[in-house]
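Colleague: Put chain B on the given structure of chain S with help from the hints.
Quick note, the sequences are listed as chains S and B, same order.
Taken in order, the first sequence gives residues 27 to 716; the numbers are from this note's numbering.
Taken in order, the second sequence gives residues 27 to 716; the numbers are from this note's numbering.
No lab work stands behind these hints: they were computed from the structure.
Incorrect hints may appear among the rest.
The list treats identical chains as one, so a pair stands whether inside a single copy or across any two.
[Stated by the list, open to error] Derived DMTMM-like pairs (lysine to aspartate or glutamate); straight-line CA-CA distance at most 25 Å:
1) Lys-444 - Glu-361
2) Lys-304 - Glu-591
3) Lys-615 - Asp-270
4) Lys-114 - Asp-312
5) Lys-630 - Glu-614
6) Lys-503 - Glu-545
7) Lys-481 - Glu-491
All values reported here derive from a predicted model rather than from experimental measurement.
Number of protein chains: 2
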Amino acid sequence: MKKILALFLIAAFLISVPVTFADEGMWTFDNPPLRQWKERYNFEPTSGWLENVRLASVRLNDGGSGGFVSPDGLLVTNQHVAAGQLQKLSTKENDLTKNGFYARTRAEELKAPDLEINVLVSYENVTERVQLAVKPGASDKEASEQRKAVIAQIEKDSTEKTDLKSDVVSFYSGGEYWLYRHKKYTDIRIVFAAEEQIAFFGGDYDNFTFPRYDLDVTFLRAYENNQPARTPNYFKWSATGPADGEFVLASGSPGSTARLLTVAQLAYQRDVGNPLQKKVWTSRLDALESYARRGSEQARQAGSGTRSLNNSLKRLTGQQDGLMMPRMFGRKEAEEKALKDELAKKPDLQKIYAPGWEQISAAYAQLPAMANRLAFSNLATSRLGDIASKLVRYAEEIRKPNDQRYDEFRDSKLESFKFSLLSPAPIYSELEEVSLTAWLEEALKTLGANDPFVKAALGGSTPAETVRRAVQGTQLKDVAARKALLEDGADAIAKSADPMIVLARNVEPIVRELRAWNEEKILNVEASAGQKIAKARFAVYGKSIAPDANFNLRLSYGKVSGYEEDTTLVPFKTTFFGLYDRAMSFGEKPPYNLPARYKEGRSKLDLSTPLNFVYSADTIGGNSGSPVINRNAELVGLNFDSNIQKLSNRYWYIEEEEGSRAVAVHSAGILEALRKLYEADGLVKELTGK
Amino acid sequence: MKKILALFLIAAFLISVPVTFADEGMWTFDNPPLRQWKERYNFEPTSGWLENVRLASVRLNDGGSGGFVSPDGLLVTNQHVAAGQLQKLSTKENDLTKNGFYARTRAEELKAPDLEINVLVSYENVTERVQLAVKPGASDKEASEQRKAVIAQIEKDSTEKTDLKSDVVSFYSGGEYWLYRHKKYTDIRIVFAAEEQIAFFGGDYDNFTFPRYDLDVTFLRAYENNQPARTPNYFKWSATGPADGEFVLASGSPGSTARLLTVAQLAYQRDVGNPLQKKVWTSRLDALESYARRGSEQARQAGSGTRSLNNSLKRLTGQQDGLMMPRMFGRKEAEEKALKDELAKKPDLQKIYAPGWEQISAAYAQLPAMANRLAFSNLATSRLGDIASKLVRYAEEIRKPNDQRYDEFRDSKLESFKFSLLSPAPIYSELEEVSLTAWLEEALKTLGANDPFVKAALGGSTPAETVRRAVQGTQLKDVAARKALLEDGADAIAKSADPMIVLARNVEPIVRELRAWNEEKILNVEASAGQKIAKARFAVYGKSIAPDANFNLRLSYGKVSGYEEDTTLVPFKTTFFGLYDRAMSFGEKPPYNLPARYKEGRSKLDLSTPLNFVYSADTIGGNSGSPVINRNAELVGLNFDSNIQKLSNRYWYIEEEEGSRAVAVHSAGILEALRKLYEADGLVKELTGK
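Excised from the complex, chain S in its bound form (with noise of 0.2 Å):
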């Protein structure tokens, strides 16, 4: 840390440099650290290394990331990433998510109801083309009507001319533009799945934490035509796992960082939106967690929604918590006054982008008082809310011309979308009952009887009424009636009297308005001074800054080390001893409990066995199930979780000197229990070929 540091001043005397750290960074495949790499760690890839890890790369559109292990289209990702859909599969009698999941022979692979996977193929920087869109001169609406109209052009020029699904996407806030293609596969089936009870063995208390002993794994294959994928581009299983000391990078998508925010909207997350966000997710969280104490069946059923918001609640404290403290938000200060300071050496350059802060500011000044309706209006806390309202906007918006519509109705999107809208996996009407009641309970609570979008949604009736009738009445539930409105066309469904069709039309123009608020007053003014400070900061330092992530593939990298933590040292790994040490100290009262095959399997095991590891990499959620790999391009780990001196990644790196790591199941330990719990033969024969 020393050394790097005086490195660090040395440098600052020759060339700008901003502040990075050894292992910080989330990177794009256009842009690898290649002299990190070289300098730290002496690893210097070919073009064809970079490739075949791309290409055996997926993201999952659940939100998570994974990777192909054989090249007959296996693949692994985290159990928690895969919940959503062994929960959609999942009935009264036949619990996947409790009882966990092998499919002995493909024909017993199950079906995922509604999970897209996409690779990404190939990419090409289309800056120059969207920024030169814009007319010198334009205001700042005029603006983002020329840049969608040229990525909707791109993106349709793109998809006809290879069929792969196309999509521009921003990077350091509209500083770069690149068209990203992916090839989407629809066809995932189920494989294996740990129990919950093991994959996320110590429940919310272990989330986040370190040392840890959770087997967060599931086994998904990808199909085409029927047929199992063809992936010749894949992740060999590494029987061994990581060397302590060992260098290896995790190949995923990482969800969203929030580094390069400027200190206007950083206040503002702090001062407002962390708060309002938390009060959301609450808010949602104390009706699930109602419902589940229901029955056992109810709790089943909001089983994954309570664990991922339980997630999101800790991690967005542990967000907030950095937030908070006046030394770590002192460093964005400096780092945003090192940047000016360096930009006004350059007073030509500075007269440009300088503003943009200014702009920024000035747009955030705007927000607080129309953040709680922002947040408020809509119906997308409830799944058949969420679709009445899809299906109304569709209607409205696929009347308009490409580049004229609601960006998630572009004809690139429209496939994607229709999958989601049209997945099988079942609704529980008294679980919408209760979720939508709750959500619009507090919307009145907070908005008060007189907004709005309260108005138009209750008409003067409560939220307990408002909701039976449209749950109870709607026929979104089943599928075929959802494709049918689909196939009617617009007309059909703006005239259906589907009641949660029409209390979706009643708030819409609300949601529609408060949209074009949003888009006018901030996202613009974001896109536009986004860019002028991007454009600085290019200036100044170059591409030495990895782009904030957003959803798209990255590699991270660092290296498998434990780490100090008060006077002592945490390991680099656990073993499964340290499993049946926690089960058994915690007397396996819940969380602590293990699955039956766990107690009854112990003497099968080599209880040595590493189970967990942890390493240096900048990852953050959505880096869930990515594949952790050596230098080699061999998966010796699977990361699912960091620890909780990471948790406010999301503004800052947090250096490896203090104890931040990334948290990853070890390759050796998935082999140990599969063959010895779980007697998954055919499935470690086709990871390790024996």
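Modeller: Just chain B now, with coordinates in the frame of chain S:
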């Protein structure tokens, strides 16, 4: 916690009570917290219960506690408490510290070279007699002499009457004086010692942490007349140990707390005393560590000293960290202010007692300038230097009347003094030379070449030359030589040409001068002013606060319970599973390596057997080896450590709710290891009857 605070707030309107918390206090047997026990734990011991526990508890003069566990003098304590004796019995060829020890027959039990243990047989309040001996109008110095005289008389009378070791002990900074009579055992033999690597698994890193996995256990046996002592008061061994949440007590001899010090005294500790202590210990540790690096035999010789200094430094760091926290220091200021405010409501008492605080402040104002001289002007860092100094001092003191001698040379203390001085424990010349040289070099550096002690010690020579001459020429390594000198009497010592005695004689006038300064300027003032403050405290709060710990027998209490740390739970116990997890997780690298017996015998163990546990009692250094007992006075554990949350509790009680815990070896874990790994059937039978 909220409930307790609420109760306190109600109580505060009724009477003046200080803020004492649930499980606070190291209580003397004359004033056990019966009300708290009854209210919180429904525990109402009989006087017979208390007497039995007192007579079954022992103090080890090496600094530690223990308890009888059979009627035949068998007693249990920590391996680290007995480590000094084990080291003294070890040789290059047979290292008992490293290899452990078990005597299969009584004939094999090994006599400890210089271990004395004490049992508190009776006690008597002599406050009035001591305080009335001080004549009205006496100066601090006169008061001190008058107190000394009466104390010497009381001790002498008691010794003559009872033949028991009789000491007048001060409590509450002289607010009370008690005559404590101890039965003394000096023939103590080693029955069993665990290998240091399992007694201190995790080494200094895991010291003061939890979860941990240590079998810090030694069994000893007290002998009288070459026969096992009859000890009808003993703790029955619990084969099951404590349940989660169970009420337990620790009976032991906590070393020292400083909770009733004034703010001026604490500020001195924070600003001068602790940093200086750290310097002294670090200097000694550095010398030992550099010596240990010379080879494995040297490392063995330095072992217990190194371990003990590391332990002291880690604790001191924790204490100082606490004092440095404004919030914690502020608590002491608030306590002092509250007491002064209450006192102000009794103007007659205020007039007499309130000056106590200013007198102590005035005295302490003189201390910083003298602190370095007081700390460094002695030879006690080496055993030979210490022996020589004690002989020289003895020769001078023994000529005086009993009541005018230094405390440690009063008749009542002479037997223990000689037992220690004539210990047959080996003395390693090379180690002596290194330690004493490093010490004098540090003294020279700190005090300067013109300091009186430095000049007297070195006489113009270098530390290395001075020490080499003294160590190489001295006969004091030989017990017989020491014995002969003692028997030849004061004149012989005063005239001895032994170069170590000459060195001690050279510095003795300086040592005495500083001791006189310290007595006159600090200790005598503290005694009289401290007594005023104690009386003020009694007048306001009664005896609802326990006196500061002073190496005498106390009862602490609390409940066995885990706690929250960061966002997760720490269980109340660990198991053998966890021991193997931690060893394997670190690849068995030291200090996480396992003794051969543990590696090879793993399959014999029931790994789910509890190994260590935590409980909320108020303990501190000196409580090491305290029996942890349940309400039936059965031994359920053996105290050996505290966790890091508790580390600053020298100055204040740290609430259970903050995760502060004492750490014990579990009685079931000890049995499991004795049975399965050590095959110590005889010992197990003596403990359990089976």
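Colleague: Each hint: holds or not?
Modeller: Comparing the hints with the structure gives:
{"no.": "1", "hint": "Lys-444 - Glu-361", "in the structure": "neither (44 Å within a copy, 69 Å between copies)"}
{"no.": "2", "hint": "Lys-304 - Glu-591", "in the structure": "between (29 Å within a copy, 22 Å between copies)"}
{"no.": "3", "hint": "Lys-615 - Asp-270", "in the structure": "between (33 Å within a copy, 12 Å between copies)"}
{"no.": "4", "hint": "Lys-114 - Asp-312", "in the structure": "within (22 Å within a copy, 64 Å between copies)"}
{"no.": "5", "hint": "Lys-630 - Glu-614", "in the structure": "both (20 Å within a copy, 23 Å between copies)"}
{"no.": "6", "hint": "Lys-503 - Glu-545", "in the structure": "neither (32 Å within a copy, 89 Å between copies)"}
{"no.": "7", "hint": "Lys-481 - Glu-491", "in the structure": "within (14 Å within a copy, 95 Å between copies)"}
Checked against the numbered hints above, the structure breaks hints 1 and 6 and satisfies the rest.
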